[in-house]
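Listed in order, the protein sequences are those of chains A and B. Okay, so the first sequence: first residue is 1 according to our numbering, each after it adds one. Okay, so the second sequence: first residue is 1 according to our numbering, each after it adds one.
Bear in mind the hints are in silico, worked out from the structure with no lab data behind them. From a predicted model like this one, the values you see are computed outputs, not experimental measurements. Glycine is no exception: its CB is placed at the ideal position from the N, C-alpha and C atoms. Just so you know, nobody snuck in bad clues.
Derived coverage of chain A by chain B (criterion: at least 3 residues anywhere in the stretch with Cβ under 8 Å from a Cβ of chain B; other residues may be distant): (1) 74-82; (2) 88-102.
Computed Cβ-Cβ distance ranges for the label pairs, DEER-style: (3) B:Glu81 / A:Ala136: 12 to 20 Å; (4) A:Leu111 / B:Arg107: 49 to 57 Å; (5) A:Glu139 / B:Arg31: 41 to 49 Å; (6) B:Leu134 / A:Arg107: 24 to 32 Å; (7) B:Met6 / A:Arg28: 50 to 58 Å; (8) B:Glu81 / A:Glu86: 35 to 43 Å; (9) A:Val8 / B:Val8: 35 to 43 Å; (10) A:Arg115 / B:Gly71: 42 to 50 Å; (11) A:Ala147 / B:Glu15: 39 to 47 Å; (12) A:Ala154 / B:Val50: 43 to 51 Å; (13) B:Ala5 / A:Glu110: 50 to 58 Å; (14) B:Val65 / A:Arg4: 40 to 48 Å.
What follows is the residue order along each chain.
Protein chains: 2
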Amino acid sequence: MAHRAMTVTTPSDREIHIERVFDAPRDRVWRAFTDAAQLASWWGRGNRLVIERFEPERGGHWRFVEHASDGVHGFEGRFREITPKERIVWTFEWDGMPGYVSIDTVRFEELEGGRTRVVNDSLFHTTEERDGMLGAGMEDGLAQSYAALDRLLAGGEARAQPAP
Amino acid sequence: MAHRAMTVTTPSDREIHIERVFDAPRDRVWRAFTDAAQLASWWGRGNRLVIERFEPERGGHWRFVEHASDGVHGFEGRFREITPKERIVWTFEWDGMPGYVSIDTVRFEELEGGRTRVVNDSLFHTTEERDGMLGAGMEDGLAQSYAALDRLLAGGEARAQPAP
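Kindly generate the complete structure, drawing on both the sequences and the hints.
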C-alpha cells in the first residue's frame, strides 16, 4: 500500500521531518500514542518495552526501556505540551547519549477514508546531533515501530512478546 | 573588587556566555559545584535549596527545588559530561517551562593569585528560548547565586536558611 511509505526530510540543518499515514481514524491513532499499554506494544519496534514512567500531561515525565535482541535501550524525556488528538510536544533523550536532547512535535491529521497522517518534527541543538540520530538508524527503527503500530491498529497483536 | 563583575554576552543567536572570577583556587571552586551540601548553600541565590537528586556523573540526573520569597521553583536535568576540575556539561530545565532544555557547559580556569574563572556557555534550541531565559531574570539570579558562592568561598555561611 503506497500510503504506508514513510517520508523523511531535513527541512533545516537541525531538523528531521517525518510523515506516515495510518489506516485508522485519528481518535484511534491518538489512543495508540497516549495509552501506555497500547504504546508499549509498538513504540519499541515491536520489542518488549517496559514503561517505567508515563505522565502524558504538560510537565510530566516519561521513561521507556526497550528489550531488543541488540541490547537494552533506555529512553526518556518530558512533556512540553499535550493537545488532545492534535499535538504532542515532548523531549527525547537516549541513555546512550545522555544530555543530548531533541524536541519532538507529533501532529495528528485526519484524512479522508478514516485514515490519519502522523507528522513528526524533531529539532536538535546542533547539526551533528541531528546527523548522529540519522546515522544511528532512527529511520529504520521508526519504520519498524510504525509497522508494529499498523499491526496494532489492524486489531492484531503487535508481535508476540518474549518473556523477560 | 573589579574581578567580581560578571560578564554576559551573546556570541550567537542561541547562546549565552557568562564569565565570573572567584577568589579561590580551582580545586575549592570545583568542590563548591560538585559537593551537594556546598552546592545547596549557594546555587539557589542563597535561598533554601532542596537537592532531590544529584548524580554528578555521565548520564546522572539532578533535581533542585529552590524555596524563595517569590515561590517554589524546581529545576532539573542530566549530566552529559563531568571532567574533574575542568568541565561540567549538563542539561537545564525549569519546571515553569517544561520541555525547554538548554545545554550548559561550565569550565573552570585557574588564574594567578589562587583565583578561578568560571565560564558558562548555555545553548538553546531557539533564539526565543534564549531571549526568554534572559528576560526571565537569569542574569540577576545568577549574580545573586554567585554572590552567595563568594560568601561560601570566603568561609562564611551563604545565608541563614529559613525553616521549611
